[in-house]
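Could you build all of it, start to finish, from the sequences and the hints given here?
Protein chains: 2
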Amino acid sequence: MQQRFAKRMQGAQKSFIREILKVCADPKIISFAGGLPHPISFPVEAIQVSTERVLREDGTNVLQYSTTEGYLPLRQWIADRYCTRWDLDVTASDILITTGSQQALDLIAKIFIDPDDAILMEYPGYLGAIQSFEMYQPVLYTAKLHDEGLDIDQAGKLIHEKNPKLLYCVPNFQNPTGITYTAENRKAVAKLIHGSQTILVEDNPYGELRFMGEDQMPIFKEVGENGILLGSFSKIVSPAMRLGWVCTKNQEIMDKLCTVKQGADLHTNYFTQRVLADYLQHNHLDAHIEEIKRLYGHQRQCMFQAIQKYFPKSVKVTKPEGGMFIWCSMPVGYSATELFQKTIAKKVAFVPGDPFYVNEANVPTFRLNYTNSSDSDIEKGIAIIGETLHTYLQ
Amino acid sequence: MQQRFAKRMQGAQKSFIREILKVCADPKIISFAGGLPHPISFPVEAIQVSTERVLREDGTNVLQYSTTEGYLPLRQWIADRYCTRWDLDVTASDILITTGSQQALDLIAKIFIDPDDAILMEYPGYLGAIQSFEMYQPVLYTAKLHDEGLDIDQAGKLIHEKNPKLLYCVPNFQNPTGITYTAENRKAVAKLIHGSQTILVEDNPYGELRFMGEDQMPIFKEVGENGILLGSFSKIVSPAMRLGWVCTKNQEIMDKLCTVKQGADLHTNYFTQRVLADYLQHNHLDAHIEEIKRLYGHQRQCMFQAIQKYFPKSVKVTKPEGGMFIWCSMPVGYSATELFQKTIAKKVAFVPGDPFYVNEANVPTFRLNYTNSSDSDIEKGIAIIGETLHTYLQ
Chain L
-10 MQQRFAKRMQ GAQKSFIREI LKVCADPKII SFAGGLPHPI SFPVEAIQVS TERVLREDGT
50 NVLQYSTTEG YLPLRQWIAD RYCTRWDLDV TASDILITTG SQQALDLIAK IFIDPDDAIL
110 MEYPGYLGAI QSFEMYQPVL YTAKLHDEGL DIDQAGKLIH EKNPKLLYCV PNFQNPTGIT
170 YTAENRKAVA KLIHGSQTIL VEDNPYGELR FMGEDQMPIF KEVGENGILL GSFSKIVSPA
230 MRLGWVCTKN QEIMDKLCTV KQGADLHTNY FTQRVLADYL QHNHLDAHIE EIKRLYGHQR
290 QCMFQAIQKY FPKSVKVTKP EGGMFIWCSM PVGYSATELF QKTIAKKVAF VPGDPFYVNE
350 ANVPTFRLNY TNSSDSDIEK GIAIIGETLH TYLQ
Chain R
-10 MQQRFAKRMQ GAQKSFIREI LKVCADPKII SFAGGLPHPI SFPVEAIQVS TERVLREDGT
50 NVLQYSTTEG YLPLRQWIAD RYCTRWDLDV TASDILITTG SQQALDLIAK IFIDPDDAIL
110 MEYPGYLGAI QSFEMYQPVL YTAKLHDEGL DIDQAGKLIH EKNPKLLYCV PNFQNPTGIT
170 YTAENRKAVA KLIHGSQTIL VEDNPYGELR FMGEDQMPIF KEVGENGILL GSFSKIVSPA
230 MRLGWVCTKN QEIMDKLCTV KQGADLHTNY FTQRVLADYL QHNHLDAHIE EIKRLYGHQR
290 QCMFQAIQKY FPKSVKVTKP EGGMFIWCSM PVGYSATELF QKTIAKKVAF VPGDPFYVNE
350 ANVPTFRLNY TNSSDSDIEK GIAIIGETLH TYLQ
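Listed in order, the protein sequences are those of chains L and R.
The first sequence begins at -10 in the numbering used here and counts up one residue at a time.
The second sequence begins at -10 in the numbering used here and counts up one residue at a time.
Hints were generated in silico from the structure; no laboratory data involved.
Incorrect hints may appear among the rest.
Since copy identity is lost for identical chains, a pair holds within one copy or between any two.
[To be verified] Straight-line distance between alpha carbons at most 25 angstroms, and here's what the computed DSS-like set of lysine-lysine pairs gives:
| id | residue 1 | residue 2 |
| --- | --- | --- |
| 1 | K238 | K11 |
| 2 | K238 | K(-4) |
| 3 | K151 | K(-4) |
| 4 | K11 | K335 |
| 5 | K146 | K180 |
Values in this document were obtained by computation on a predicted structure and should not be read as measured data.
Quick look at the structure:
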């Protein structure tokens, strides 16, 4: 029987990256393809202790249904951290706990996007956002990323002409490029938002992972009720727990998000919220984050040095000050997908840039992850990619 | 600034029940409003042991990202149970783990429903399904429920005339009515599906909780690739864990569900999947379920006897053989919402029927939950509702 799927499913494809990750399951492959945090970021023993405590002290509540908004002390912890770390005027009622920040993208898209609505994103942009948004059939416009952040002229022109409902961006150690917006660029983005009807969706999964340079203020601080800030515990405690959040001072948006969250999964896993809240109460998160940053800074340096040693000079790479990714650009006309076919034959994987663009194929860019490989694998894998590049780019 | 929400948000309201539950937070209120499992159903100590074991034996994997489809041994356990308990021809690849079965409803709606598509449901029907489906702007048609199940004539006529994409039903101890479809009714529903383009969505959150009478075969067994069967661990292990599943032999549907699941939350909480899988491996789930059923059977009997003692004879009630709810119908013309206002003033709560219907208000029906109240609260609360009914129905 011919299935009668919804129109939104036409052309919907499984995540390219998740399909690549299946290829990389072979342990003989050196993979820079994933976006997996290093196991050092999982506080296994402390989670053990917290689980034992919450089940012992309050087991029957910990395993019961709970509220859509999320566990109040966890929301309070997140709000307090925004206040102390960034001097943001945020309270627990401005926080909604979501099933990972991926769910936040889906909920935001659901409350805002009608078919053919304009949405503005980065070029290249986070593929998980593209995937979430496209389910609601918007027209996705993109503004280029430069080393200092978003192309303000292009973004301004698109906001003026297309009046997008949302501007989605990842200003810290962006996925896929690793680029961080400068203070000036952030101010300019905030100014664009002020003069528009566009809501800023500022995604910040990697913000805590700065291993060099200075922290930058969230753009959110400058845009008040026209902003939505997303966060996640995936990169600093555990991605398996699927715990992220939405922060907004706009109570109308918050109200709508809670309504659609009820229909989406009633509430976020409460058992795990309780474990995490207990962990945060009894441990020094910042000390834990320092350990992660020390390792990632080292791994990034290791990969960067190998790239300088092995890659042809015609390949441009970003110099991330935090996060998990380096972005590589071959000269125009070459295809990273072609390159991938050649390196995977030599058991080295990365992510070709295609899925980070809207409707483009065979782009010359690709993404390297450095957080989940040993020093020797980084050296060996980058040498193989470099050798392949030297042949391919001739 | 005027927010520019999507059209689907017009009229979207927060779940009526969750709003009622907030009122019931007052511990002085006797509440038959919730759908909360009794704490006896939470195996706190065994979950403690399983958590300790999985974190000790495989901590860094347990806290890492995982696959969209779900943890294979958990999917295998579910498939094996279908095979042994119902002789269903199901394998692990026919199972997708979801963030509660509520998420399954959202994912199914997302892959199937375009605006104005016809969907067929029960009258009255599960409000969480109404809430999920309405986000995709279908036209919801309903067929009446009788004591023996779905009104086959009415459902058949609607399938013939409206050609609905989905028929959604809860054949075991339905929410809100507690009604169970007979074997004959199930056969007749399967026959309707066979002669149509309609996909059966059979939701079964309470099926394991039969405390009297005989188990009935899932309709799913008769409809092959035209069926989707939903299940959940919420009522037999823990709702806080948000672990449900989709089962379908239709690989095209399964493939589309995985694609939208990626965009919705990447994958279901893996930490909790591992804990649950370990729990299921090391414990006797059926012995645990027996305990729950013994209590619920007792509570249902207790409430039923109180109803016979205190309610006017003009109020008709269902006689559930399992599950969590009794459904009450006052004579036509009376409003359960009015009744609710009167009983809540006397500190007794239930759920007026309105949210279980599509676009109806002030219906004369209401739902009583018996699983989370003591014998004495059941006696006392039903006496107060009965007394109020005697005055109200005069």
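Hints violated by the structure (numbers, ascending): none
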